[in-house]
Structures are given as structure tokens and as C-alpha cells.
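Given two chains presented individually in distinct reference frames, assemble the corresponding complex, making use of the accompanying hints.
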Amino acid sequence: MDARKRILSIVDKRILILDGATGTELQRRGMPRGACPEQWCMENPRIIKSIHRDYMKAGSDIVYTCTFGANRIKLGQYGHLNARKINRKLAELAREAVGENILIAGDIGPTGRFVEPFGDLEFEDAVEIFKEQVRGLLDGGVDLFIIETQMDIQEARAALIAVKETCDRFTMVTMTYEEGGRTLNGTDPQSALVTLENLGADAVGCNCSTGPEGMIPYIEAMKPYARVPLVAKPNAGMPRLVNNMTVFDMEPKTFASFGKAFLKAGVNILGGCCGTRPDHIRALASVLEGKRPKPPRKRHISALSSPRKSLILGIGRPLVIIGERINPTGKKDFQKELIEGKTTTALRLAREQEAAGASLIDVNVGMPDIDETETVKKVICALSPLVSSPLVIDSASIDAIEMALRIYPGRAMVNSISGERQKIERLMPVARKYGAMFILLPLTDKELPATSRRRKEIIKDILESAKAAGFDRSDIVIDGLTMTVSASPGSAKETIDTIRWCTRTQKLLTVVGLSNISFGLPQRKWVNSAFLAMAVQAGLSLAIANPSNPELMAIKMASDVLTQRDKDAGAFISYFAANDNTSKQERATEKKGSPREDVYISILEGNREGIIECLDKAIAVGMDAYKLVNELMIPAIMEVGEKFDRKEYFLPQLIASAEAMKKGFEHLKPLLEENTSQDKGTILLATVKGDIHDIGKNIVALMLRNHGFNVIDLGKDVAKEEIIKAIKEYNPFIVGLSALMTTTMVNMRDVIDLANKNGLRRKFIVGGAVVTRAYADSIGALYAKDAVEAARIADRLRS
Amino acid sequence: MENSRYFYNIVITPPRDLIYARLGYRRGKTKIDHRQRQEIENTIEQALSIIELKGAAKRIQIEKNTGRKVILADGTDFDSNQLASMLGDSDEVLLMAATSGSRIMQAIRDDTNAGNLTRAVILDAVASEMTDKALDWISSFYRQELIRQGFGLTSRRYSAGYGDLDLKYQKAIYDSLGLNKLDVDITEAYILVPEKSVTAIAGIMKLA
Numbered sequence: 118m119d120a121r122k123r124i125l126s127i128v129d130k131r132i133l134i135l136d137g138a139t140g141t142e143l144q145r146r147g148m149p150r151g152a153c154p155e156q157w158c159m160e161n162p163r164i165i166k167s168i169h170r171d172y173m174k175a176g177s178d179i180v181y182t183c184t185f186g187a188n189r190i191k192l193g194q195y196g197h198l199n200a201r202k203i204n205r206k207l208a209e210l211a212r213e214a215v216g217e218n219i220l221i222a223g224d225i226g227p228t229g230r231f232v233e234p235f236g237d238l239e240f241e242d243a244v245e246i247f248k249e250q251v252r253g254l255l256d257g258g259v260d261l262f263i264i265e266t267q268m269d270i271q272e273a274r275a276a277l278i279a280v281k282e283t284c285d286r287f288t289m290v291t292m293t294y295e296e297g298g299r300t301l302n303g304t305d306p307q308s309a310l311v312t313l314e315n316l317g318a319d320a321v322g323c324n325c326s327t328g329p330e331g332m333i334p335y336i337e338a339m340k341p342y343a344r345v346p347l348v349a350k351p352n353a354g355m356p357r358l359v360n361n362m363t364v365f366d367m368e369p370k371t372f373a374s375f376g377k378a379f380l381k382a383g384v385n386i387l388g389g390c391c392g393t394r395p396d397h398i399r400a401l402a403s404v405l406e407g408k409r410p411k412p413p414r415k416r417h418i419s420a421l422s423s424p425r426k427s428l429i430l431g432i433g434r435p436l437v438i439i440g441e442r443i444n445p446t447g448k449k450d451f452q453k454e455l456i457e458g459k460t461t462t463a464l465r466l467a468r469e470q471e472a473a474g475a476s477l478i479d480v481n482v483g484m485p486d487i488d489e490t491e492t493v494k495k496v497i498c499a500l501s502p503l504v505s506s507p508l509v510i511d512s513a514s515i516d517a518i519e520m521a522l523r524i525y526p527g528r529a530m531v532n533s534i535s536g537e538r539q540k541i542e543r544l545m546p547v548a549r550k551y552g553a554m555f556i557l558l559p560l561t562d563k564e565l566p567a568t569s570r571r572r573k574e575i576i577k578d579i580l581e582s583a584k585a586a587g588f589d590r591s592d593i594v595i596d597g598l599t600m601t602v603s604a605s606p607g608s609a610k611e612t613i614d615t616i617r618w619c620t621r622t623q624k625l626l627t628v629v630g631l632s633n634i635s636f637g638l639p640q641r642k643w644v645n646s647a648f649l650a651m652a653v654q655a656g657l658s659l660a661i662a663n664p665s666n667p668e669l670m671a672i673k674m675a676s677d678v679l680t681q682r683d684k685d686a687g688a689f690i691s692y693f694a695a696n697d698n699t700s701k702q703e704r705a706t707e708k709k710g711s712p713r714e715d716v717y718i719s720i721l722e723g724n725r726e727g728i729i730e731c732l733d734k735a736i737a738v739g740m741d742a743y744k745l746v747n748e749l750m751i752p753a754i755m756e757v758g759e760k761f762d763r764k765e766y767f768l769p770q771l772i773a774s775a776e777a778m779k780k781g782f783e784h785l786k787p788l789l790e791e792n793t794s795q796d797k798g799t800i801l802l803a804t805v806k807g808d809i810h811d812i813g814k815n816i817v818a819l820m821l822r823n824h825g826f827n828v829i830d831l832g833k834d835v836a837k838e839e840i841i842k843a844i845k846e847y848n849p850f851i852v853g854l855s856a857l858m859t860t861t862m863v864n865m866r867d868v869i870d871l872a873n874k875n876g877l878r879r880k881f882i883v884g885g886a887v888v889t890r891a892y893a894d895s896i897g898a899l900y901a902k903d904a905v906e907a908a909r910i911a912d913r914l915r916s
Numbered sequence: 139m140e141n142s143r144y145f146y147n148i149v150i151t152p153p154r155d156l157i158y159a160r161l162g163y164r165r166g167k168t169k170i171d172h173r174q175r176q177e178i179e180n181t182i183e184q185a186l187s188i189i190e191l192k193g194a195a196k197r198i199q200i201e202k203n204t205g206r207k208v209i210l211a212d213g214t215d216f217d218s219n220q221l222a223s224m225l226g227d228s229d230e231v232l233l234m235a236a237t238s239g240s241r242i243m244q245a246i247r248d249d250t251n252a253g254n255l256t257r258a259v260i261l262d263a264v265a266s267e268m269t270d271k272a273l274d275w276i277s278s279f280y281r282q283e284l285i286r287q288g289f290g291l292t293s294r295r296y297s298a299g300y301g302d303l304d305l306k307y308q309k310a311i312y313d314s315l316g317l318n319k320l321d322v323d324i325t326e327a328y329i330l331v332p333e334k335s336v337t338a339i340a341g342i343m344k345l346a
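Here the protein sequences come in this chain order: A and B. Going by the working numbering, the first residue of the first sequence is number 118, and it counts up by one from there. Going by the working numbering, the first residue of the second sequence is number 139, and it counts up by one from there.
All clues stand as given, with none of them false.
Straight-line distance between alpha carbons at most 30 Å, and here's what the computed DSSO-like set of lysine-lysine pairs gives: (1) A/Lys806 / B/Lys309; (2) B/Lys196 / A/Lys248; (3) B/Lys306 / A/Lys806; (4) A/Lys495 / B/Lys319; (5) A/Lys130 / A/Lys166; (6) B/Lys271 / A/Lys495; (7) B/Lys196 / B/Lys319; (8) A/Lys448 / A/Lys495; (9) B/Lys271 / A/Lys902; (10) A/Lys495 / A/Lys459; (11) B/Lys169 / A/Lys760; (12) B/Lys309 / B/Lys319; (13) A/Lys797 / A/Lys780.
Some residues of chain B that are not near chain A, with every Cβ distance over 12 Å (derived): (14) Gly205; (15) Asp215; (16) Asn219; (17) Asp313; (18) Ser314.
None of these hints come from the bench; they were simulated from the model. Model, not experiment: these values are computed from the prediction. Note that CB positions come from ideal geometry on N, CA and C, so glycine has one too.
Bound-form chain B, shown alone (with noise of 0.2 Å):
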């Protein structure tokens, strides 16, 4: 088992179309005009300058998998119908997480506070879009280094609180992952802080 990597300085390509489309964007139907597009421009530019996004992954050998429930060589079980399925064919999992840091989030709240929900919900919106594919970034990372050791990635990852996998495993992830040495925090209802943080499992199987 290895120990968990960390990403300090995660850099993507901001990605524009799902930031519009999380908005509620629709192409070929909604219509901005000059003024509008150049606010929310600025917003998004103001968003990408203070997001700071970092990650974490670790891969673990799965122990046990009874199709109910997922067992990780380190002792963490997660009771999944669902992610016991989508693991079927992995003898390992990747355990991920992402944050966008807490200067957006402060921004987002002093937005919020200064009545300008406008500003607040583009940040918000930037940060969600970025924090996603802050872990498309470690999946990319960890797809090209397990090919060439006759392993590839499952194409799905699977989040605590999502299907029939609780909210309560993002505590063990959290602790498995470190987080708290990316200045993330959990909550006594497993809420990672800040909030623009993820965390996720992804399946490593054979290569043919």
C-alpha cells in the first residue's frame, strides 16, 4: 500500500462550458448580451485568480469483495451494493480527493454577506467545475502511470453520499487520504471544509 500523494499545485485548463452549463447555460437557447457576458466573465477570471487547487490519491489493495460490501487492505469498509459492482473487476481502488481552497470560499461568503449573490454564485459555480476536474486531473495523472503497469482505471468514480454509499465513509477517506494536510476538514456530518472539496473511489483493473 502506498502512502498518500499530494498535488500542491494542481493547473487545468478552467473549463468553461460546464461552468455556463452548471449556470443553467443552455446553448442555442439562452441569450447574454455584451454587458452581461463581460460581468460574468470577470467573475469567473476573479474566481480562477484566488483558486487554489490541490489534491490527494492513494491507491489500496481491495481485500474483499463480497458484491455488498468493498474490504481495503488498510481495514476501511465501505457497505455499497453499487460501488461493490462498479469494483467488481479491480483488485485495487484509488482513493482521491480535491479541494479549491479556502480563499474562494471566503470570497463566495463575503459576496454572499455584501448582498452581491450574482458574483457569489459565478464563484460558486467556478469553484464546483474546478474542484471536479481538479480530480479528472489526478485520475489523468494515475491513468498514465498504472498503463504501464498493466493497469488502467475504471472510467466511473463513485463519491460517499452518493447511490447507497453514506455520506459517513467520507470520514474514512479523509483520514486515509490525510486531508487535514491540504487544510481540509470534515464535519461532525461528514461535510468536507471548504466546501468546494471531493472526495472519490475509482476502480484500478488489468490491462488485457
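Bound conformation, chain A alone (with noise of 0.2 Å):
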């Protein structure tokens, strides 16, 4: 019985058990710190070799090759040349180790470094250096695979396309999860399942990074999902430090005692990881004995994954927009800067539409005299790390598209395969490959379907010709065809009827390219929002659009609930609390009171936008510019600093009403007269020498200039002669000092020391992150802890 069949015929049954560690392991047995484990290995070969006996013995149906390092550039960093030589030995030491009783699975650990989009390190010349392993595992006779102990799921495709060209052994990868869930670079566990999964893992799961117990939940989040077996393989216990010492302590009972946890969560092959031992093992197979796991699911799931993101797709669930601005179709600006090899558009594009609503983001960059193929793996790579959402890949080129999904760290859709010969043949194994979805474009070479009846028959051809390739049909959502509504009046209907047929009778996903369907009418939004209700009534589940249009969402998600996808309406509230459609302008001068009460709220709520009108609307109904700024703007701002005090607001706020009133007091400065000018006298402010951070100095000008005063700003990095040079021309009865540093906030003394020298006797307030109050004593300084009080400081002063 070949391996595969050997482990799915086990994982049938019962938990199939691996082995625990092997680097601490191998540290127990004599390895020094920081040695390379593969040579001395190679060194001590009766010592790694006792290991996997022990395994054995303990109950592993699995024990992993000593070779998580065996990678050119991590045997580099010891001086080691020849990994493919080095794997060999391994693997055959550990067949020498366990004969034929047990599979060997070839232990692929990380490179070290982040491979491309995330890192330096090229994706080809990733997928190189772990194909020269796999090739010294399979050479040393390995029965399967595992890469592991990934943190980016980059590195991960790139191992698992590595086994995947080189061989067809069964290959698990396990990520590993830091606290909150997330792998270092960011991925989830079910965004990492549906990627590896479709790419073509035969399991999937987690490993090290945490004990058993805060592994349980990552095998929970995937269980739902996964088509393959789910692999956990946790640490004995987070490390604790004893005798300023880390240890692993987790005793072998206790760490067995999890196993039926595990069984419950849906795990289905199990072993240990840093700090487990033979005798954690055998506790574990003890326990889980006889035990049989919850089987992966059968049937498939319709999903798509980005490195951070997942998304579930499926009929009856809210209809998903795929954003498709991203293409350089009639945008010069656009298709210069592509040319160019920018991708700033492209970023900027992508995060836009996510903002707007969009859960898909459409990739599209051809043009004429570009290469299609250089510029999409440039905008991938730029949109990999920063866009949740995942891409959809739109081109006529089938080695663009080969490169996208070849780059892309997670899964993506292929927009679209028709039933042109090209397509079916070249393009269909491309997207299988890299486990895509597709849409299905009911066309072929000599057809373009006008109707329903005939685009179902090319549908079905098209399913067929996926099938023999391989795909399911959960991985495939099938396009309903829009055509224009003014050169062909009938069309919108067929459509329809294509969406109804593919969703009630063939339970197929579908798609349309909305804005299609009104080229050449005039006020096109009305007549996409009424055809994508009724696309939504007949079962649509994507539309391809734009997110940006506020029209087209609302339909959305009032269509959502009309087809009870949005079952409480939860989706459709949230929305419009997030998207109400008023104006900022109409916001910014909403009317909540009198004219009074809208001054005293414009500035108590920071409404920089409506300061001014409220303010114009108060002058006239006959209020003086005077009892505006005394009665109203001056209590509101002191409401906002009493209300910071009491930590109800926190700086965004302060600061945004301290703007509102500035704008509202220049607004008003021409009315005011020149008797009753609000200035209290000039405050000097000054970052001192060497200290380039002048923030915090900034909020306090802004807050001592509302509260009246002149403040002279000299700005940051400020030479103690320039301060003296700036009390004798501008005479101020105060002079503010800031730093951020400890080792400039010495120069305040030298400042006050100069001044005082100078016979420049001045009051001086002095504050930022690292000054105290006994810094300050000591200086002969008052101290402020923030603008607010340096503002009262400064009013207690002139009073």
C-alpha cells in the first residue's frame, strides 16, 4: 500500500499520531546550543537515529526527517553547501531508524527569509532552493512530506509548488500561529486552509508557537471547511522561565490529557512539538486509542483567501461586489503610470473599493504595448500585503493570468474561462493547477449566445470539460452573459433567466458585469440598480461593479434583505450607520439647536467644517462677534478641556475642537474690535537643540492661541542662542520648552541658565514625554503635563 493510501486509511480509522521534537529532543541527547542539527546529526548519527527508534516505539505512525534547516540557505549559514546530499543522509538515517514499520515524512522547515511579495527573497528562486531538498528527500527515500513550522503562507506555496512539480508524495504544511491567531505575516488558520488546501495540501494545520490548549482553537476555526485532514502539532506548554531559564514543562499527562480536546475541535493526525518527549507521545497515543475522528467534509465549499482574509461564497448568502476599478481601460493617468511600473493607483484603487463595500477586487491591467505579464505580478505583489480582499484575475492573457495565480499568496478567482479552445485547453489546467476558482463564460470560438436556452448548453459543455480537468463545481461561478439593453431590448431577460436556471436547478453560483447592461442609455445607475435587484431576485450571488457608486450598494444590501441573505438586517443597519448618504457639508451644518447652541456645540464637538456658517447664522440673527467669543467659543473650549481632564475626550477630540475654535476666531477677527482684541500677551515656544519631535509643542501653540495669547513658535531642533535672540526681540512673559528625549531634555537648563545669564528673567514652562515635574523644580522651570494645563498655567500667569 503506497503512503497515501497508508495514512488515509488510518486517518479513517483512528488519530494518526506523529512524532514530538526532535531540536530540543536532540539538545537533551548531547547537541550543543546553537550547533547545526543536521550536521551534527550526520555526526552522531546513533543519537538522531535513537530518536526516531523512540518515536516509534512510543506509537508514531509518522516520524519526521531531521532536516528543518536541511535548506541552502539556512545550511549556508554553517558553512554547507550540498542540501540535496544532506537530506539524503537524513532520510536514510531515519529509514535505517524505523525501516519499512513506519512512513518518513521529509521535514521542510522555513528558508529564514520572507519570500516575495512579503520579503526579498524571489518567489522562483524559493521554489528552487526546496525543490533541491525535495529532491535529496526523495533521493534518501522519503513517503511523504511536510513542510513546516511556516509564518508565511508565501513560503508555504512556495514549498508546497516545489513538492508538487518535483513529485506526487502526500504533503502536509503546517502554519504556525502567533498570539491572537494570526501567523506572524498576518494569516488566519482559515484563510490558510482554503489556500493550501485548493493548491493541492493533502493536510493542513498548525504547529509550535503554543501549548495544546491554544492550539485547540485554530483546528475549531478550520474543521467547518476542510476538505483534507487537519494536523496539530503543539509545544509542551508555553514556555516559562525557571532560574532564568525558558523551559518547556508541560508534563506528559497533562499534555495527553488534551488529546480528546483535540478530537472533539476535529483534528485528525497529532503529534508534539518543541519540548515534547517519547513519553508525551505514548501518553498521547494511550489516550486517543481506539478513539475515531471527526472525518473532513465531503462536500466543497466555494471560497477564496488573500493572505488576511477569507471569504465564504455561496447561494443565499449576501450578494458579494467585486470592485472593478482597477483596469486601465479609458484612464490615461492610469495606464502611464502601469507603463511606467508604478502600482500607486492600482494600491490606491484596491483599498478604495474595499472601503466602499467591495469583498472581491478585480485585477485588470492590459493594455496595448505593455507587458501584461511583468506588470500584473507588479501590482500583485503590491496589492498582496496591503489588500484584504481577494483578487480576481482579469485578462485575456493566459501567461498573465499563469503568473498572477502562480505570485498570488492566497487564492484566487479567474475572470474568465470560456468555452473557447484556448481557454478549455490552456488556460482551464492553469487555473487547476493553482487550485483557482473561475468564472464560466457561456461563449465559445463561434458563438456568442443570445439566449438562455443556448447558454445553458454551453454552460454545460464548459462544466463537463471542468470536470475532466479536475475542478468541482463549487469552483466555479458561472457568468449570466449581460448584454446592452439598447442594442438588444430582450437580453436583460435572458440573463435573468440564466442566473434562475444556474441557481435553482444546477446550484451554481453566478456573476454578472453589471454596467453592461445600460451602455448607451442615458442615467445608466437607475438602470443597473433596477437590474441588479432583479439579478438578485433571480439568485445572483457576485456582481462584478463599482463599490463607489452609493446607489448600487444600497440596492445591494436592501436587496440582501429582501431576499432574507441578510437574515436580522444586521448587514443593511450597520451600513447605513457607517455610510449615512449626508453630506459632509450638510453634516457640517445640520441644525441642532439655536444659533447659539450651534456655535457652543460646533466648538464643544470639534466641527471644523461647520464653525464658520454656524457662526454666520448667529451674526445674523443680530448676535455681536464679541458675546460669540466670550460667551459662547470661550466656555465650550474650556467645556473641552474640563472634559479632557476627566479623560471623556482624549486628544483627537481636544485638538479638533482647539481647530474649530482657531477657524472660528480668525473667522470672526475682522468684527471684533481693537479694544477688545483677545491678545493676553506673547508666549515664546521652542523644541530645544538636538530634539527634532515637536508635536506635543505644536498642540500647545494651538491651545495657547486660542486661549488669546501671541505665541511666537521658533519651531524644533533650536540652538539656546536663537531662544535668547528671540525673548529680546519679541519680549515674551513666558517661554515654553519642549523635548522628547532624555538626552536634549538637558538643554532646557542650559536655555534658562543662558537666559538667566543674560539678565532674562522669564517664566518658562517646560514639558514632553520624558520631563517631570522634578525636572522641571530642578530647573527652575514650571511644568505642564499637557496643552491644556500649559494653556492654564499660562492664563494663571497673566492673570
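Below is the structure:
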């Protein structure tokens, strides 16, 4: 029986038991810390063989070769260059130890470098490095592969592609999750599962970083979606500091006691990582003996993933909007940018569409005179780390699609595969290789079908080809084929019929390119919106559209409620809570009460957009500018200060109110009589020499100006001599000094000493992150903990 | 002694709680209305779109730890009782650095100059927290690697300019890590530019 059958047969009946730690066990058995484990094992074959044998005796069905770091990069750090040979030798040692009794997994760990787009190791270089290791392990006779402790989904993909392009062995991939349930690069277990199982991993899971208790939730998160067995290899508890040494000290019995919880969570393959020993594995095997695991789910699900998020698609789920704006057609600036190899606009468009409600982002960079393959790679690499929504790869170029699918660190959707011969013969296998979903476009080389009857026939034909290529129906989304109603008036009905048939009869997902319907018509948004509502009623699952169109998004949200896709209208309510369509200007001038109240509230709430209009209204009803300042604005800003003191307000609110005050005051200035000027005296501000942090000082300046002081702000990194010169020139009654660093804080004393030497006795107020009241006292200055206190001290000194 | 490793694209989950806390938000006390919340969130999103988190790190053997002074194998020495004490059980240190890049600093300056201080303060807070979090990211990366070699990382890390470790040592860390490769500069007063850049030292300890 080959390894794959053997593994699946075990998993069908019971939990498959892996080995425990190799690295920490080698250290326990004499390997010096910091040694190259691979080299040490080759020099001490007896030890590594005894470890393998001990795990076998303890009940392991599979042992890992000691090749975790046996890739060219890691071995190179120890001066070893022949990775293939080392892998072969270590695999042979494992075989010598356990014979044919149990299976041997060729262990592939991370290179220690991040793979593009997350790092500087080129994807193809990473694939080559792993292939070298895979070949060595195959030379040594491994039965299967384990790609483990991966913190970067892209590196896991590179390793998995390396295995799949080299052989057809059973391959498990386990990621390592930080506290918070994401890998170091931000991938969650469900997204990793979607990406890896569709790329061809035969089992997926997690190892290291946490003890058993912490790992169970990851298995629970993956189980409902996993078509493959789930793997867990936790550490022997969380590391603890004992006598200034970090230890993993969970006893075997305690470790094994989590076995049942793992079983309940849905694990199929279980072992141990750092700190676990043969005794842990023995105890685990004993606890799980005779226990039947929950099998992986049989039915496929439609799911896409990015490195940070996954999206489950389904009939009856809320309509998914595919943002269509990354498309250079008709956008000259965008075209120019892409030709120059820049990706700024693509990134901006992706983020804007995400923010507007798109759950998927269509990427189309095709245009004349461009190397589309190279450009799509650049754009995918720019988007992948920063855009959470999974991508839809939209191109007429098969090469460009292949590049995009190979480099994208998630599961993407191809837009689209039609019945055209080249698409079936060339593109379909490419999409299958990378585990992509695809949009099925029901047309052929010879025909653009006008009727739903013909479309259905073509869909059936393409589905047959897809099945033969290895696709499941859940991997496919049918394009309803939207035609322009101005040219063919009956086409909307044909599209709706196609959608209805796909949804109700075939249980297939459907999509339309929405805007095609209204070409040539005026007021297109209403045609688009009406068509969308009709299509949703017919069962539409996805729409390619511009999510920045508020009417369209409103129709989507409302349609989801009416078709019971948004069952408790929760998404509808949250959407409109966050996106009330009141414009900024309307909001700014929204009436809250009388003109008096509006002025007060505008300051209190930091309404910088609305303060001017509120003041104008107050003046229009006869209010005096002086009274507006003294009876409304100043009391309002004082209340803001009090709220800030009570922590009811935090910094952004304090500053927003101060900015509204400043704006209002400047607006009223021409109306204020000279003798009622708000100038309460001059204050000089500076961030001292050596310090270039000045945001705190800028806040103080704003507050002081609002309190009616004339503020001279000398800026940052100001030499003491310059400050003295300014004191002589402006004659301030207060000098405010700011510093963020302990090293620059000492320059405050120099300024004060020099001022005293020059006979310039002034009140100094000091502040900044590291400045304390005690330090201020020691240099003869007053201390202000924040901008509000600085203004209060200034007011006090003035009076 | 290994060469510096550079991380050109550090991807982290934005620490929103810490960003709000840095701005003075106190759970259960501070009240934000919908309009204010939306404005703050939008500004945080804008900050995140222009922050370019990069980092560098390097392991170096400790040549000598006198309890008052730590001397590294590359000749760098640090006069600091507190650092020496933190490294008491370490044979090696991990030097590390992270930066949010220059675009966010330019945006902060632009907003400050345009009088949009509310935005500037939020951008500043996001950049500060993201930069600190990038150091956590580098620590986690090394922790994962070290564990298999029988080592762990001290839970605390120390930075020049704190406690009794003079800021002047930032220059030694800067040079050792080659931070110019990340487009980070250092002033005569030992301040890193772009300002949202940090360096730190952690100890590497044996696992029992």
C-alpha cells in the first residue's frame, strides 16, 4: 500500500500519531546549543536514529526527518552547501532507524527569509531552493512531505509548489500562529486552509508557538471548511521562565489530556513540537487509542482567500461585490503609471473599493504596448500585503493569468474561462494547478449565445471539460452574460433566466458584469440598479461593479434584506450607520438647536467644517462677535478642557475642538473691535536643540492661541542662542520649552541658565514625554503635563 | 556573528487599542460620537496606507558583561547597569530596528503645516504604535527561530535613551545594523530620521 493510501486509511479509523520534537530532544541528548542540527546528526547518527526509534516505539505512525533547516540558505549559514546530499543522508538515517514499519516524512522548514511580496527572496528562487531539498529527501526514500512551522503563507506556497512540481507524494503543511491567532505575516487559520488545500496540500494544520490548549481553537476554526485531514503539533505547553532559563515543562500526562479536546475539535493527525518527548507521544497515543476522529467534510465549498482574509461564497449568502475599478481602459493617467511600472493608483483603487464595500477586487492591467505578465506581477505584489480582499484575475492573456496565480499568496478567481478552445486547453489546466476558482463565460469560438437556452447548453459543455480537468462545481461561478439592452432589448431577460436556472436548477454560483447592461443609455445608474435588484431576486451571487456608487451599494444592501440573505438586517443597519449619505457639508450645517447652541456645540464637538456657517447664522440673527467669543466659544473650549481632564475626551477631540475654535476666531477677527482684542500677551515656544519631535509643542501652540495669547513658535531643534535672541526680540512673558528625549531634555537647563546670565528673567514652562515635575523644579521651570495645563498656567501667570 | 537581516515589508495587524490608548482614550470613560469615530478611523486608515514598515536585526555574541558594561563581539560596548542586568543570563544579544518610513513623516509635516493638527496627531500615533509593533514582529520572528536552537529571547528589550543607557549608543546600533540600507539616517544628536524609527536590544538566553 502506498503512503497516501496508508495515511488515509489510518485517518479513516483513528487519529494518526506523529512524532514529538526533534530539536529540543537532540539538545537533551547532547547536541550543543547553536550547533547545526543537520550536521550534528550526521556526525552522531546513533543519537538521531535513537530518537526516531523511540518515537516509533512510543506509537508514532510517522516520524519527521531531521531536515527542518536543511535548505540551501540555512545550511549556508553553517558553511554547508550540498543541501541535496545532506537531505538524502538524513532521510536514509531515518529509514535505517524505523525501517518500513512506519512512514517517514521529509521535513521542510522555513528558509529564515521572507518570500516576495513579503520579503526580498524571489518566489522562483524559493521554489528552486525547496526543490533541491525535495530531491534530496526523495533520494533518501521519504514516503511523504511535511512543510512545517511556516510563518509566511507565501513561503509555504513556494514549498508546496516545489513538492508538487517534483513528485506526487502526500504533503502536509502546518503553519505557526502567534498569540492572537495569526501567523507573523497576518494569515489566520481559515485563510491558510483555503489557500493551501486548494493548492494541493493533502493535510493542513498548525505546529509550534503554543501549547495544546492554545492550538485547539485553530483546529476548531478550520474544521467546518476542511476537506483535508487537520494536523496539530503543539509544544509541551507555553515556555516558562524558571531560574532564568526558559523551559517547556508540561508533563506527558497533562499534554495527553488535551487529546480528547483535539479530537472533539476535529483533529485527524496529532503529534508534539518543541519540548515534547517520546513519553508525551506515548501518553497521547494511549489516550487516543481506539478513538475515531471526525472525518474531513465531503462536500466542497466555494471559498477564496488573501493572505489576511478568506471569503466563503454561496447561494443564499449576501451578494458579493467585485470591485471593477483596477482597469486601465479609458484611464490615461493610470495607463501611464502602469507603463512606468508604478502601482500607486492600483493600490489606491483597491483600498478605496474595499472601504466602499467590495469583498473581492478585480485586477485587470491589460492594454496595448505593455508587458502584461510583468505588470500583473508587480501589481499583485503591491496589493497582496496591503489589500485584505481576495483578488480576481482578469485578463485575456493566459501567461499573465498564470503569473498572477503563481505569485498571489492566496486563492484567487480567474475572470474568465469560456468555451473557446485555447481557454479550455491552456487556461483551464493552469487555473486547476494553482487551485483557483474561475468565472465560466458561456460563449465559444464560434458563438456569442443570445438566448438562455443556448447559454445553458454551452455552460453544460464547459462544466464537463472542467470536471475532466479536476474542478468541482463549487470552484466555478457562471457569468450570466450581460448584453446591452439598448442594442438588444430582450437580453436582460435572457441573462436573468440564465441566472435563475443556474441558481435554482444547477445550484451554481452566478455573476454579472453589471454596467454592460446600460451602455448607450442616459442615467445609467438607474438601469444598473434596477437590473441588479432583478438579478438578485433571480439568485445572483456576485456582481462586478463599482462599489463607490452609493445607489448600487444601497440596492445591494436592501436586496440582501428582502431576499433574506441578510436575515436580521444586521449588515444593512451597520452599513447605513457607517455610510449615511448625508454629505460632509450637510452634516456640518445640520441644525442642532438655536444659532447660539449651534456655535457652542460646534466648538464642543470639534466641528471644523460647520463652525463658520454657525457663526454666520448667529451674526445674521444679530449676535455680537465679541459675545460669541466670550459667552460661547471660550466657555465651550473650557468645557472641552474639562472633558479632557476627566478623560471623557481624548487628544483628537481636544485638538479638533481647538481647531474649530481657531477657525471660528479667525473668521470673527475682522468683526472684533480693536480694544476687545484677545491678545493676552506673547509666549515664545521652541523644541530644544537636538530634538526634532515637535507635535506636542504644536498642540500647545494651538491651545495657547485659542486662549488669546500671541504665540511665537520657533520650531524644533532650536539652539539656546536663537531662543535668547528671540526673547530679546519679542519680549515674551512666558517661554515654553519642549523635549522628547532624555538626552535633549538637558538642553532646557542650558537655555534657562543662558537666559538668566543675560538678565532675561522670564517664566519658563517645560513639557514633553520624558520631562517630569521634579526635573522642571530642578531647573527652575514650571511643568505642564499637557497642552490644557500649559494654557491654564499661562492664564494664571497672566492674571 | 551573523550579518544584519533586513525585513523590507513587515505586515502587521494594526494595534488599534494601543493607537487609541496612545491618544488618551480610556475605555469606559472617553466618549466618541459617530462622526468623530469615523473621522479618526478614516485617518488611521490613511496612515496605514502610507506607512512602510521595514526592519533590521542581527545576533551578536556578548564578549563580556561586567555588570556595569556590556561588550559585544564586534567591539561595541554599552555602559549601562540596567542593560547589563537585563543581559545577565544572556551570551548573545539581538540588535533590532524598525521604521515606518518617510512618507508618513511627510504626511504629518504636511498636515501640521496646513493646520490640520488633529490629523497630524492621529497619523503620529499610528506611526509610533506601528513602529513599536514592528519590533514585536522582529522579536517573534527570532523567537521562533531561536527556540529550535535551544535559545529564547528575553521578554524585555532595552533602547538607547532609556534608563541609564545613553542615547549616544543609538549610533553604535545604527552602524552595526547598517540602517542606511533602510533609508534611515541618524543626526548628530543621535536621533533617527525618519523620526518614527526605533532601535532596541534584547538578550538571547539558553532554554533549559
